[in-house]
Each structure stands twice: as structure tokens, then as C-alpha cells.
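Using the sequences plus the hints, can you model the full thing?
Listed in order, the protein sequences are those of chains A and B.
The first sequence runs 528 to 767 under the numbering used here.
The second sequence runs 256 to 473 under the numbering used here.
Hints are not guaranteed to be accurate.
To be verified - Estimated spans, in silico, between C-beta atoms of each pair: (1) 597(A) - 403(B): 54 to 64 Å; (2) 749(A) - 467(B): 54 to 64 Å; (3) 738(A) - 472(B): 44 to 54 Å; (4) 433(B) - 659(A): 53 to 63 Å.
The hints are simulated quantities; they were obtained by calculation from the structure and are not laboratory data.
We put the beta carbon where it would ideally sit given N, CA and C, even for glycine.
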Amino acid sequence: MIKVENLKKHFGNNEVLKDISVSINPKEVVVVIGPSGSGKSTFLRCLNLLETVTGGHVYIGGVDLTDKKTNINKVRTEVGMVFQQFNLFPHKTVLQNIMLAPMTVKNVQQEKAKQKALELLRKVGLEDKAEVYPDSLSGGQKQRVAIARALAMEPKIMLFDEPTSALDPEMVGEVLEVMKQLAKEGMTMVVVTHEMGFAREVGDRVLFMDGGYIVEENVPKELFENPQQERTKSFLSKVL
Amino acid sequence: MDFRFDLIGEYMPYFIEGTFYTIGVSLIGILLGTILGLLIGLGKMMKNKVLAFPFNLHIAFYRGTPFFVQIYLIHFGLIPALIGTTNGLVAGIVALTLNASAYIAEIFRAGIQSIDKGQMEAARSLGMSHVQAMRHIILPQAFKRMVPPLGNEFIVLLKESSILALVAVPEIMYWSRAFQGQYYKVWEPYLTAAVIYFVLTMVLSFLLRRLEKRLATE
Ligand SMILES: Nc1ncnc2c1ncn2[C@@H]1O[C@H](COP(=O)(O)OP(=O)(O)OP(=O)(O)O)[C@@H](O)[C@H]1O
Ligand SMILES: [Mg+2]
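Structure (C-alpha cells):
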């Protein structure tokens with residue numbers, strides 16, 4: 528589903544991703560952990576080309592994103608992304624937030640888009656918020672809308688960049704619940720998070736990143752209970 | 256010193272005509288200036304520095320030189336070169352438009368750049384093209400933020416338009432000067448002009464504040 532080969536990324540002289548290779552299978556939930564500045568967000572953003580890649584290849588469903596001929600907008604419709612800061616469109620209602628992309632990008636009929644949006648709002652437990660503006664929502668509700676908005680494009684892959692880091696603690700659960708549900712339904716997911724409980728419970732695999740490399744990867748139980756690398760051990764001792 | 260209200264009364268039709276000219280040229284200037292300003296603002300934001308250079312030069316020139324100089328260059332230089340004769344009204348409107356466009360280009364750029372870059376990223380991550388994201392996400396939000404500075408620019412332009420008197424556009428100051436020349440009076444014409452400008456700008460600020468409030472609650 529996702530294949531990353533010798534991915535490199537630098538900002539000016541600062542090499543942020545040094546040599547990343549990894550494959551992610553359909554329906555797999557991969558959790559990315561690591562210290563601040565290790566390149567987790569940059570790695571995730573290379574998977575839908577929000578960052579331009581400076582070396583190596585990224586394949587999504589066999590299509591090479593680093594190939595200049597690739598229609599990146601097309602690929603992005605298949606890769607949903609959820610941001611730490613939600614990034615809802617403040618001038619549009621919740622319903623419009625969700626309907627806009629299907630209508631403009633995929634030319635979905637308004638009625639169909641609306642039905643789909645309402646269905647997704649039900650799924651994330653917010654059907655009563657359809658007509659309000661994002662400003663009046665709590666953080667947890669905003670993030671659930673953001674997830675619904677991404678799902679409206681019917682992506683094959685969902686990327687999450689610290690989706691709960693900007694939330695008050697009491698709202699983390701409701702967002703993780705929606706993500707767990709998605710995982711259960713077989714969505715392919717790449718999740719950057721500090722929620723080790725979620726990683727353990729939902730993750731099929733955990734990648735530990737540090738200094739622009741994937742230092743260690745394993746099934747959650749093994750990685751958390753029996754880390755092989757010194758850097759992994761020292762990181763885990765700080766966060767667990 | 257006796258203040259001759261009767262002379263003001265006599266000149267009132269001219270002051271009224273002048274007020275319409277002032278409002279008219281300012282309105283045309285702000286409208287054309289907004290359209291041109293948007294284009295120049297977009298030009299300035301091009302990544303290619305060479306292509307962006309003429310737009311930057313335009314903005315720098317009109318912001319960096321007095322309007323008085325600009326209007327003389329346009330009235331005695333540009334317009335005759337283009338249409339073969341001088342025409343104060345055309346020169347005045349062109350000068351106001353070009354001058355406003357430079358300020359509005361900056362207002363436009365600042366408005367766009369004030370939108371959090373997460374908005375563009377979210378739109379692009381959903382598969383929207385750059386143009387679609389601009390049209391549906393960035394510009395609607397930027398326009399809202401541009402309203403207060405655009406309103407200010409209109410007020411500035413309305414006052415600047417008084418200089419059009421010097422190229423014989425029959426606006427408020429043109430008639431004030433005629434008044435002074437005819438009756439050798441100073442206070443009557445210029446205090447009248449001041450009052451008219453003051454009322455115009457007050458009304459504009461009031462309307463602007465109402466519009467801002469409405470946009471804020473929308
Ligand atoms: N647009 C950018 N321009 C320049 N440097 C950047 C840019 N984005 C990220 N970096 C740098 O790249 C490095 C990795 O950043 P990244 O955001 O990927 O880290 P992260 O692992 O997500 O950290 P965090 O846990 O704090 O989110 C950092 O040193 C950061 O300063
Ligand atoms: Mg990050």
C-alpha cells in the first residue's frame with residue numbers, strides 16, 4: 528500500500544530525514560513515535576507530498592509520488608490527513624467543511640455529498656453539529672469533524688499527525704475512540720502520537736524514529752517490553 | 256472680519272457638484288484600484304523573482320513618491336502620450352487608480368499571508384488544486400480581513416483626490432479655489448471644503464464600522 532525507499536529530506540542544510548525505508552501493508556495500523564524534532568511530522572508529510580521529497584521514492588498504491596508526472600492531487604484524494612491543529616475551515620459550517628472537497632474535487636452532487644457528510648457526522652457522533660461553525664466546537668469535536676472531513680474523500684490511507692496533542696486531556700478519549708473504530712474497519716493508518724496506550728492497543732507495528740532514521744521497528748508488545756536499541760530504551764524510559 | 260455665509264450659499268451648487276465629483280472619482284479609483292491591486296498583489300507573490308520584479312517596482316514607485324508628483328507625471332506625460340491630448344478627469348482617475356492599486360496590492364498580500372498556512376495544507380491534503388484552495392478557502396477568509404484596510408484606503412483616497420483640483424477636475428477643492436479667486440475670500444471656501452470632507456470621511460468610517468461588525472458576527 529505504502530512503500531518508502533531511501534527517503535531523504537532536507538531543509539536547506541538541515542537534513543531531517545536521512546534514509547528512511549519502510550513498507551506498510553493494506554489495513555495495517557503503524558504508529559510512529561520518537562522525540563521532538565526526530566522527523567516524524569516531516570516523514571508523514573512526505574507521504575502525501577505536503578513536503579517536497581529531496582531523495583528516494585515514495586510509492587502509494589504503486590504510484591511513485593516523486594515522479595514529476597504523477598498527478599499529486601489525485602493521489603491526495605486517496606490519502607487523508609488529520610492535523611494536530613485540526614485546520615478546519617472557519618468560514619464554513621461543519622457540514623460544508625465535509626462536503627466541500629468531494630464536491631469540488633470529485634464533482635459529487637450536492638445532495639449525495641450532504642448525505643455522505645451526515646452519515647460521517649453520525650459515525651463520529653456529531654450529527655447535531657452539522658449546521659454550526661467550527662468556532663463553537665470543543666477541541667475534541669473539531670478533531671472528530673476533521674476526521675470526518677478527511678473520510679469524505681473515501682481515502683484508502685489515513686495519516687494522523689499527533690491528533691490528540693492539542694486537546695485537553697478529557698477530550699483525548701473521544702478522538703482515540705473514533706480512530707480505533709476506523710482501525711477496526713480495516714483502514715490503513717499511519718499515526719504519529721505520544722499516546723502509548725493507543726499504540727499498544729491498536730497498532731500493528733511501531734516505528735521508533737530518532738535523528739532522521741527509523742531506529743527500531745517491531746510489534747508494539749515487543750518494542751515496548753523488549754526494546755533492542757539503547758536510544759529506544761532511553762526514549763521509552765522517559766515516556767512510559 | 257465678517258463671515259460671508261451668503262457667498263457660500265451662492266457657491267453651494269458648485270460645492271454640491273464638486274462633492275459628487277469627489278465621491279465619483281474616489282469610487283471609480285477604489286474599484287479599479289482594487290481590481291488592479293489584486294492582480295498586482297498576485298504578481299508580487301509569484302515565486303519567480305524576475306517575474307515578480309515589475310510588480311514590486313510598481314508598488315514601490317506609487318508608495319514611495321508623492322501623489323502630487325504622480326498626478327503631474329500622468330497628466331502632463333502619460334495621458335498626452337497615450338491619447339494625444341491632456342484630459343484632467345482621465346488623468347485624475349488613472350492616477351487615483353494606479354496609486355490605490357499599489358496600496359491595495361499590499362493589503363491583498365498581507366490578507367492572504369495572514370491566513371494560517373494550515374488552511375492551505377488542509378485543502379491541498381484533501382486533493383484540491385492550488386487554485387481551488389485559493390478560491391474556496393484562502394480568498395474568502397482573506398477578503399474578510401481586507402475589508403478594514405480597504406475601507407481606510409478609500410478614506411485616504413477620498414482625501415488625496417483633492418489634489419485633482421490642480422489638473423482642473425471640478426471637485427470640491429477646484430471650486431474652493433475658484434471661490435477664493437473670485438471673491439478674495441479664504442475662510443469661506445476652505446472651511447466649507449473642510450466641513451464637506453470631514454462629513455464624508457465620518458460617514459464612511461461609520462459605514463465601515465457597521466460593515467466590520469456584520470462581517471465579524473457572520
Ligand atoms: N518547514 C521547515 N523548514 C525548516 N526546518 C523544518 C521545517 N519543518 C521541520 N523542520 C525541522 O525538521 C526537524 C524535524 O521536524 P519534525 O516536525 O518532522 O519533527 P517531529 O518529530 O514531528 O517533532 P515534534 O514531536 O516536535 O512534532 C526539526 O529540526 C525542524 O526544526
Ligand atoms: Mg511533529
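Holds or violated: the 54 to 64 Å window for the beta-carbon distance between residue 597(A) and residue 403(B)? violated (42 Å)
Does the Cβ pair residue 433(B), residue 659(A) satisfy 53 to 63 Å? holds (59 Å)
Assuming the hint says 44 to 54 Å, is it satisfied by the Cβ distance from residue 738(A) to residue 472(B) or not? holds (49 Å)
Within 54 to 64 Å or not, the Cβ separation of residue 749(A) and residue 467(B)? holds (59 Å)
The structure fails to meet hint 1 from the earlier list, while all remaining hints are met.
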